[in-house]
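Join these two chains into a complex; the hints should help.
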Amino acid sequence: MTIEIQPANPEPTPRDAAGSADSALVSRRWLLFKAAIALNGLVGIALAVPVLRYLLAPWKKDSSFTSWTSLGPIDAFPAGETRLAYYRNPSLNPWDGQTGNVACYVRREANRQFKVFAINCAHLGCPVRWFPQSQLFMCPCHGGVYYADGSRASGPPERGLFTYNWQVVSGDLQIDAGQMPTLSNSAELVNISTTPGDHKCSA
Amino acid sequence: MQRMKQTAVRVYAWFEHRLQLEGPVKEAVLHQVPRNTASWWYVFGSAAFTLLFLQIFTGILLALVYVPSAGEAWNSLNTLNHHIPLGWFLRAMHGWGSNFMVAIVLIHMAQVFLFGAYKYPRELTWTVGVFLLLMTLGMAFTGQVLRFDQDAYWGLGIGASIVSRVPFIGGGLVHLLLGGPIIAGATLSRFFALHVFVIPGALLLFVMAHVWMVLKLGVNDWPMPGRIVRRETYMEEYHHLTHTQGIPFVPGAFWKDLTFSGAILAAVAVCALVFGPFGPSGQPDPSIIQTVPKPDFFFLWIYTILSYLPPSMETPFLLTVPLLAIAALLAVPFIAAEGEKSWHRRPVAVLMVSTIAVSWGVLTQLGTTTPWSPHMSAWSGDPLPVNRIHDATPLVRQGAVVFQSKQCRNCHSIGGSGGERGPALDAVATRLTIDQLRFKVVTGGGNMPAYGKNLSPPEIEALVSFLETLHPPNEPPAYDASRRAIEASQARSAPGAQPGSSAAGQRAQPSLAP
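Chains as they are written, first to last, in this note's numbering: chain A, 1 to 203; chain B, 1 to 514.
Everything labelled a hint here was simulated from the structure, so no lab data went into it. Just so you know, not all the hints are guaranteed correct.
Under the rule of at most 25 Å between Cα atoms (straight-line distance), these lysine to aspartate or glutamate pairs were calculated in the DMTMM-like manner [what the hints assert, rightly or not]:
#1 B:K440 to A:E158
#2 B:K453 to B:E475
#3 B:K453 to A:E81
#4 B:K453 to A:D149
Just chain B, same shape as in the assembly (with noise of 0.2 Å):
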């Protein structure tokens, strides 16, 4: 036993005294940081460090079963759910991986952010990371569009639409987003390359950069109010902080780094088995057009921004603000590099941040949701409410045909199902009269198609007749108040007679009574 230990620091020796390692590592490992570091807050960087090299990991592992051809990569993905032992489990961690990586670093960056932690001398890290969020993010599409499936193709297809705006070039860039013409095989090549070589090599030598800063300037001190950051001062009063205060970073605050890495790192796991690998959905096939391409969690906000933009605006949009957004992010450590740290005295920055995290809470979950999108099915799919229609006369019976052969229940639900697009018709006759419902029907308007040229005058007549029914028992149909008055005093200069012919006309009577 005594041997084999000797042994054992020998050959340490050998190695130390050629490799020369001990110095530096010792350095960096048993470097004082400020006793209040040692938090629960500061374990978010180095779970993203931890995620990546999992990435890197499981990356290699499916490299070894994946096909980067756009004909084959499809059935090599079906071969890793199906038929390679677990292959399943490790594209789940690597698909979940992902999801976590990106969601860590988001975090991360909002702790950053609140903690005052870019500013002097952290300024360029803050910048590095920028650019580390940004290459996540690539990495997040570009992952996305080799699990070659439907949604991996119109992806690209929106991409290429996207950057088709561009003036002058716009048509050059997307030959050269897609490799070639349409999307194909050159598409899936360059995109493998990207995820595979371009990106994690950017990635790991910005990693590299980032985190020897951590080490070289210290991990930020906790924020307190009323301490403000002087770039004449600041580097003295931190020195003071760590000898004073300091205890070494292994194994002071360094557990909780690895605890918290190795629980994120079962959360990535535990998510792979329960809810497993992330499709492929169907064949990149284009000429299969029952399809409804979504993006990926991530970028579903994008999507949602999409198609609440009027038209005119998009295309600037889409060219200036996500530029203007980085210049923003690379801004701020040279727009606030002094002054407080503490989020108790900086209020702009926790609104920032709650304002962007809320207004991307409520674009996910659009986006989730897409209330924008018609409901290609919905016109067959969904019978209406028997109750609408039960004593309803031939002609609303004839109405409620053209409604739903129509496709108008695409856009247009009634009891609760149907599209979204357009407004819900249940009491639709109790905001538009008779005249008011034929004219939106035959000039359509705001997001409606109009329908004049593809209705013949009797069908419109019959889908009239339906909406005017569908309102509330309890409420009557909206109706034309001159021509109310003016059928009413027909009524009265001829007693006899009945007054109004219409249904409508009959149940609003009493109350137009003096």
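Next comes chain A alone, as it looks inside the complex (with noise of 0.2 Å):
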């Protein structure tokens, strides 16, 4: 049995004994390892560029997702009341269903100026409800309110709810929507208050 075992065990042949004593030869087979990981290293950067940018696609300027989208005639809309009106996401897929159905207040103030109010909480974004009989916006989440201006009333939020930009073309209300407003993206649509009467609107 012991004989059988020794060629198992073989004395170190003449190339490894150099091997580990002359490290030049060893490294050609360290070099072509090392030389194949480089190899799938450039591969591997190669490959994750396209990937970051396919992960990446969805991160793009807020301008290139709004568009001008109509609320319908104004006359839908009477002077000195808030209403609630409907509109389609303008970007939209065929496979968003009711996803793409979005609400926003219309506010008419006067016979050619409107304000037109985001349904989202500026504090977290749940719906916010308006009551006419007390001109007061309610958030059913955390209790933010707010004035018929738009103005925050009291609770968490830090400032007035979200307007969106608007225009009249030939009797149709239009708004420039395509977005979720939040904290981050809605600092160019208004100017950002708590004080009422603030707002900034293309005519």
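Encoded structure:
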């Protein structure tokens, strides 16, 4: 038995012995190994570029998502009142289904003066409800309250309701819509302010 | 019979010769564990493991029917609930399995913490466990999104609003989270990929590492007061323990794991049968605004915190506290890798766990009742108690009408019904004088909007007159002492005249008489 085992533990061949003594000989294998790793690293980086580009596809400028969307004829909005209006989101995929339905509040302040509020509370985006009797918007989530002009009345929101830019084109009220308003993107849409009367609108 | 047995043995040997699994499996099954770890306290990890496989199994079954499309997901859930035989039961198993899994993982973590099981040499087991907890919570949140209903929709909105607060890159992160500018088809698709591929894949890898370390390092020995963990001596002590007082893991300790896992599976099934599946609630249509969105049970505490934080603290809190909490959890085994394991000698650890548990319980309880939310239909749905206006003057009755119609009731309760956002008004007249009431209504303040612009002067007078009547019969309303003193002195200087013209004045008069 012991004789049989011996070939399994052979004496180091001269080549191996030389390898351990002379690092130059071994480094040929290591060089090839390192070259193979480098090749895979390069291929990996080359593949990561399209993958990252694909993953970051939604990371676009806000303006690339929005476009002018009609809310219908201005006659549908009586002066001095706030009405709920609906539209389909302008950038839509066929499989978006009901999520493409969006609501907003239109307040006609005077004949040609409008304010269009996003439905989303400025706190955490919940849908606020309009109470015409008390002229207040109330949020069901954490109790944010806004006055009729959209300014903050009370509760956790840090600012007034988000507003859309609007224009009237041949008797149609249009808003610049297309993305969910949040604290990060609506700085362009409104002046951030909690005082009543502040608004920026393009007529 | 004998021949069949021989064939079976031969088949087994054929496979074993190729797979060579017998050695490692035997080693894992029969490895010695300290006798005192064969305890009912040590069954939560294996129960979490069992629940993970229940979730994978039921999840695959649901995926046979579920359609991960924003336009169709809600319909396919209703098909599962109502048209596929026992589809409701599998949805219920998956939903309750999820709740049980989060609960068991948290209990497991608390037990491991209290038993000092994260100390040397099991630091990495704990670290991996922290990631397993985060992934379990990630599965719970993404799963809630896949139940694509109103709550899922507005829950995503809350998530996007939180992410949008990140400085500079918040807008881009929102787009990445939602897969576009709004919550829509792309959003559901990416949450489906996260819930079904990404997180479960990572979860399985981490679970394998976790279990591997438990097998290799051995189950944590039962903590004894005074038995101190030291890096230099621990391994030797542990080996001594397992060799002198060890029992093979199977069946010595395993029968309890097996029993508890079976009981947990049975409990999930019973909950599924009795309570049924979760939702779906209303359709995910954002133009339906008559909704009161709420997160699932395990996220209610966050919902509560977000309502109680001062507005200015909210963004810093949201952006730092979760990261700090995770960092603290990860740091635990590196701060206290050595020392006492027993909870008898670690009062701070016990205090931390109980504080966190009580806070979590209170926050969750508040999140269930949401006292900070206006009751949106109280103004039209909750009538005033009749005795409040039974003998009232026309002005007071008109005030009661103003009180109801201007939504005051949405935030203020009377007679136990109505909102709890503001104080209950059953005895408000004993706290505020009529002038203070008028001032409060007109200017608001605190969490109350100012009604000055929204009410006409007659409406304000009527409302304040009504509020003035809200006091218990045996307790007079509050009055302004200086004004009353002037009225009293006027009454004395003109003895024939009626002292004070208001009803309140007449009521208070006797107490002022010298």
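Structure-based check of each hint:
Only pairs whose Cα atoms come within 25 Å are accepted, and B:K440 paired with A:E158 is accepted, the gap being roughly 22 Å. Distance restraint check for B:K453 and B:E475: the Cα-Cα separation of roughly 33 Å exceeds the 25 Å cut-off, and the hinted pair is therefore not satisfied. For the hint linking B:K453 to A:E81, the alpha-carbon distance of about 15 Å falls within 25 Å, and the restraint holds. For the hint linking B:K453 to A:D149, the alpha-carbon distance of about 11 Å falls within 25 Å, and the restraint holds.
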